[in-house]
Amino acid sequence: MVNTMDINVREADKTSSLQFYWLAELKNGSIVMQFENGIENLFQEVKDRFDELKYFVLYNKNYIYNRFTVDLEKGKIYFQDGYLLSSKDSSTQEKKNIRLIYFRRHKIDFGNNLEEQNHSIVYFLGLQYNDLRGNNYKLILQIDSQGNWSSGE
Amino acid sequence: MPSVHSWSESNGSGEVVTDGIANINFGSNDSYNLAPASYLITAGANSFKKYIRCKFTSTYTEISNMKFWKSAGALGTGEVITAAANATFATPSAGASGDSAIPTTEGTALALNSAEGAATIVYGGSGVSGYTGYLRLQLQTTESTPAGAVAQKTLTFQFDEV
Numbered sequence: 001m002v003n004t005m006d007i008n009v010r011e012a013d014k015t016s017s018l019q020f021y022w023l024a025e026l027k028n029g030s031i032v033m034q035f036e037n038g039i040e041n042l043f044q045e046v047k048d049r050f051d052e053l054k055y056f057v058l059y060n061k062n063y064i065y066n067r068f069t070v071d072l073e074k075g076k077i078y079f080q081d082g083y084l085l086s087s088k089d090s091s092t093q094e095k096k097n098i099r100l101i102y103f104r105r106h107k108i109d110f111g112n113n114l115e116e117q118n119h120s121i122v123y124f125l126g127l128q129y130n131d132l133r134g135n136n137y138k139l140i141l142q143i144d145s146q147g148n149w150s151s152g153e
Numbered sequence: 001m002p003s004v005h006s007w008s009e010s011n012g013s014g015e016v017v018t019d020g021i022a023n024i025n026f027g028s029n030d031s032y033n034l035a036p037a038s039y040l041i042t043a044g045a046n047s048f049k050k051y052i053r054c055k056f057t058s059t060y061t062e063i064s065n066m067k068f069w070k071s072a073g074a075l076g077t078g079e080v081i082t083a084a085a086n087a088t089f090a091t092p093s094a095g096a097s098g099d100s101a102i103p104t105t106e107g108t109a110l111a112l113n114s115a116e117g118a119a120t121i122v123y124g125g126s127g128v129s130g131y132t133g134y135l136r137l138q139l140q141t142t143e144s145t146p147a148g149a150v151a152q153k154t155l156t157f158q159f160d161e162v
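Those protein sequences? They're chains A and S, same order as listed.
Taking the numbering used here, the leading residue of the first sequence gets 1, the next gets one more, and so forth.
Taking the numbering used here, the leading residue of the second sequence gets 1, the next gets one more, and so forth.
Isolated chain A, as found in the complex (with noise of 0.2 angstroms):
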């Protein structure tokens, strides 16, 4: 899994007003990186690689240990050193064409004069799978700025 010294090398940007950058992890072993250098890369790619995907990380970029794994070869969500298991999933079960999901949400209340009241952003994080007969199941986590995280399906 990514090493976290990796992460503190490589990753440069911390103006941004994201709370959570993502970085994903191909099968290959190399890393993609949202921020890298003080450069963005586009989610665009990794959107190009999802077939070579075996991690995505969304870690948070003033403490690293507070980071959310999606292993897409095992469908598994890891929490820091632990992982978290959905009511619908199990261990045993085999899961197939195991996707990612990953976007954030922005919300942003303003009023006449257009000046934010408030702007929150929640990433929703997780992955679908395919069950040997076809069922299509669902695990994501909302995540908020704070790293506060709830789970659904």
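Accuracy of the hints is not assured; some may be wrong.
Example chain S residues on the side facing chain A (calculated, C-beta under 7 angstroms, incomplete) [unchecked claim]:
id, residue
1, 23
2, 155
3, 160
4, 161
5, 162
Partial list, computed: chain A residues near chain S (C-beta under 8 angstroms) [stated by the list, open to error]:
id, residue
6, 40
7, 105
8, 109
9, 110
10, 117
I should point out that these hints are in silico values taken from the structure, not numbers from a laboratory.
Just so it is clear, CB atoms sit at the ideal spot from N, CA and C, and this is done for glycine as well.
Using the hints provided, position chain S relative to the given structure of chain A.
Just chain S now, kept in the frame of chain A:
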């Protein structure tokens, strides 16, 4: 930088676009950054319609699931704000829009497309302007609407980004 958004208003018969507007005040005139005290709305009349859009710039891959609604702020007697999403621009006038009252919950929010009519705004896509479709807004009153400034309203714009 993730996406940056700003608001834009279009005015006049020529659909003159002004990006980075400072307010969306209603008034008895077709102009952006309007000062309400200069363009009072007579009780029983309507404001000029406003055609506004959000414009996304900076770096993003895709914007989707764009929603707009009024989340707070009481309406006074006879006061109605109408709203329509993805409206076709027409020279703004004070004629009644015929649009429905602005939604007040996320569940009933107006769903916006891109200016080009797609459900998503794709960064750097061919022919993609970065604008949402037009929101057409209008303040409507009746003769029973009290004189003076109406109460402040809070509007909410929500979107998903990667």
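- Numbers of the earlier hints that this structure fails to satisfy, in rising order: none
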